[in-house]
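Protein chains: 2
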Amino acid sequence: MKELLTGLDVVDDADVLDSLSHDDAEWAPYGKAVAAVRPRTTEDVRRVVAACADRKIPIVPRGAGTGLSGGANAVDGAMILDLSKMNRIVEIDAENMTATAQPGVVNDDLKKAVAEHGLWYPPDPASAPWSTIGGNVATNAGGLCCLKYGVTRDYVLGMEVVVGGPAGDYGTVVRLGRRTTKGVSGYDLAGLFTGSEGTFGVITEITVRLRPARREAPRTVVGAFGSVVAAGEAVAAITRAGLLPAALELLDRTCLRAVEDWKHLGLEADAAALLLAQLDTPGLAGDEEATAVAEVFRAAGAMWAEQSTDEIEAEALFAARRLAYPALERLGPVLTEDICVPRSRVPEMLASIEATAARHGITIATIAHAGDGNLHPLILAPSGDDEARRAAQAAFEDMLTAAIAMGGTVTGEHGVGLLKREGMRQELSAGVLAMQVAVKQTLDPLDLFNPGKVIG
Amino acid sequence: MKELLTGLDVVDDADVLDSLSHDDAEWAPYGKAVAAVRPRTTEDVRRVVAACADRKIPIVPRGAGTGLSGGANAVDGAMILDLSKMNRIVEIDAENMTATAQPGVVNDDLKKAVAEHGLWYPPDPASAPWSTIGGNVATNAGGLCCLKYGVTRDYVLGMEVVVGGPAGDYGTVVRLGRRTTKGVSGYDLAGLFTGSEGTFGVITEITVRLRPARREAPRTVVGAFGSVVAAGEAVAAITRAGLLPAALELLDRTCLRAVEDWKHLGLEADAAALLLAQLDTPGLAGDEEATAVAEVFRAAGAMWAEQSTDEIEAEALFAARRLAYPALERLGPVLTEDICVPRSRVPEMLASIEATAARHGITIATIAHAGDGNLHPLILAPSGDDEARRAAQAAFEDMLTAAIAMGGTVTGEHGVGLLKREGMRQELSAGVLAMQVAVKQTLDPLDLFNPGKVIG
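These protein sequence lines map, in sequence, to chains A and B. With our numbering as the guide, the letters of the first sequence map in order to residues 85 to 540. With our numbering as the guide, the letters of the second sequence map in order to residues 85 to 540.
One chain only, chain A, in its complex shape (with noise of 0.2 Å):
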């Protein structure tokens, strides 16, 4: 193996194989790598593709490891493809708002690289520190601001991968989708690719569409609640109202509490659940939403209800949103649900969850894009402890199957990787299971790419 990909940037020590053949989903199961290696160019992937195919070794494309999912978890003998080292924004158009990197690119960097042009990627997934657009990509990743923003999916114009199957031998480069804004011109396998989980190809560049910078902060509204429930009330009655605040997030106490306890940011941890709404509406039709969504919160039972006038304060209640999932990992293993419902089954679906903590005797902490009806339910359980593990096992599955009873999703962006393989089993019919087979078997004859996730 190793006489094929001299001059690559191999990896072989044993530790660092093993923090690579994972991902951050601490249920998910793991084999044993072969190899990893951390390719620069497309024409490094073309060539560790084409050895790969060769021998028939799969290969596991990974970014920066955030998932949550296990989808880029090794199998047994695989190559890694390490891509965070293809961390180069190829190009920043603005006069057509676009941008082109390379897979391995964070998701902040872009961000702030086009936010010197006037220009903003809103795709915002909690991970955006840390994580890569080549797994935002893979994933479709959410994140917060998709309420009124839309997904990664919304932003991707066209994309390089590195394929095998029916476009030609395993290493065969191409491009799909465009760099315009608008095309129509044959079937979307770049939307196809994206969210695929790697399991088509390898991504080797992403051109994405930008919107202009917002021209102002935006406001941020709390509303502390009794309940996890009556929080979703207020969840739903902002939908009711028309409202479309640019993000709507639910922290609960266990939250809060991690968070605080972890980072002393003087949060409010006394009431049951945080609401958090962002309103982006530029000038006085801005104040007029942020000021109609306090009077929702209210009217739903908030304990209270206010715009936050404290720039300061309003950053460190979005910051505890994005630290909650580091700071519970902080207090064991977590095992991360991603369940969407219809908004208005909001607060049936957190009736359901308490009711699933007490029933198994275990923690719940959740976290939510709420308006999205975009539930994280996370599951606390004491390493070591094999009860706790099976309860907390039986919960998670009962989670999946009433969010599917609500007419939800198992997953609502953190994707299927091994986790969610018995849920997508138990949400699709036969006959959708069947074409998406079919799809894989087609571009990827030989079950090469990312074999065993998704599908599997």
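Hints were generated in silico from the structure; no laboratory data involved. Hints should not be assumed to be uniformly reliable.
Each pair may be met inside one copy or between any two copies, as identical chains are not told apart.
Derived BS3-like pairs: lysine-lysine, alpha-carbon spacing no greater than 27 Å straight-line [as the list claims (entries may be wrong)]:
no.	residue 1	residue 2
1	LYS232	LYS195
2	LYS232	LYS196
3	LYS195	LYS347
4	LYS169	LYS140
5	LYS169	LYS196
6	LYS169	LYS195
7	LYS169	LYS116
8	LYS116	LYS140
9	LYS196	LYS347
For chain A, the structure is supplied; the task is to place chain B on it using the hints.
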């Protein structure tokens, strides 16, 4: 055949059948269908698809037939599936801002129905008063407000489709996508079917996301320019200034005169081109944006530019935009282009269109979703004049080549259908074309769904 379709609304009158055998692309050839059927339910569609598959009869689905690429044109021996009677709005879920409709619902009818709930379905192809949601989804239709609000694809959450192939026998009914705002459970097949022009199956129900209705009428800014290229420069300058109108449309003198001669709207027809911008940011911020747009127009050399204070006048201008295509059709057969180039290349593409018209000695009228870089040069060629027809065809091909050379695409929103198949082959690499063919063969192994369109 007929006995198998007992109880269905079968059309076999030769004249009606002929009228159902093609769309609005006058230049696209069409074959002789065996019959047309007008299903009312998914079960009707299922029966027809199964019966056709038994006899290897190709199935050509159609809505209102307003397509401009021949995507709904019959092939010889085809069964036409006219879905215009499947025109029921199944559900408007105001709480979750979604609507579910049968494919034959007219775009404007859906808009009106959801408006009664304070909601808005943004996609607005110029054909919106006639074209159907099914056709809009099949072609991933664009429109005027794509610039700020995206295309049909951005609103499709899920769909019911009648398919064959991997999902089961032809006539299998599956649901793709979801009803939630976010979701990544498996490959994005709903996205793949959007824009696939009926070549993977027949859409029988569609769930779209909605937005809250706009709270105030948008502002309209009009600029008159001494040349189309100068208008193009103004379009590029708008993007550079970080302004994001809801729509930014261009009409050249030929279009304006054709509409004026027909409808007598009192349009200014002296300018070489008009730009129409619509700004819908609410409140004072919207007023400021309208002022800024008018200033950019003036700085780019407009003869005059002003905000329309008269709502009736503003509506007349946008009505003129929508009527431009039918107004030109009154003058003779129209060969419609649908190129899309990066916005910075709009002036260059407009100059290239003028040079093409001069070179071939023909008239090309241009309407454009200029802010998107999506241009519709309309080639006028008198019927029965073979030389003019050859010149028109040559000009058509020249413009496709020019658009590709500028980093553009051969179809921004009308679809490949029959007219853009050559252009698509010129635009996409051999590898990507092979992937497209492979996906089609996988999902429709008998090549029964709208054969010869897109691929082929």
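Outcome of the hint check:
1. LYS232 <-> LYS195: both (18 Å within a copy, 20 Å between copies)
2. LYS232 <-> LYS196: both (21 Å within a copy, 23 Å between copies)
3. LYS195 <-> LYS347: Intra 25 Å, inter 49 Å, cutoff 27 Å: intra-copy only.
4. LYS169 <-> LYS140: Result: close within a single copy only, 25 Å intra versus 52 Å inter.
5. LYS169 <-> LYS196: within (18 Å within a copy, 51 Å between copies)
6. LYS169 <-> LYS195: Cα proximity of LYS169 and LYS195: one copy only (18 Å, versus 48 Å across).
7. LYS169 <-> LYS116: within (22 Å within a copy, 58 Å between copies)
8. LYS116 <-> LYS140: For LYS116 and LYS140, only the intra-copy Cα distance (16 Å) is at most 27 Å; the inter-copy one is 50 Å.
9. LYS196 <-> LYS347: Only inside one copy: LYS196 and LYS347 sit 25 Å apart there, 51 Å across copies, limit 27 Å.
Comparing the model with each earlier hint shows no violations; every hint is respected.
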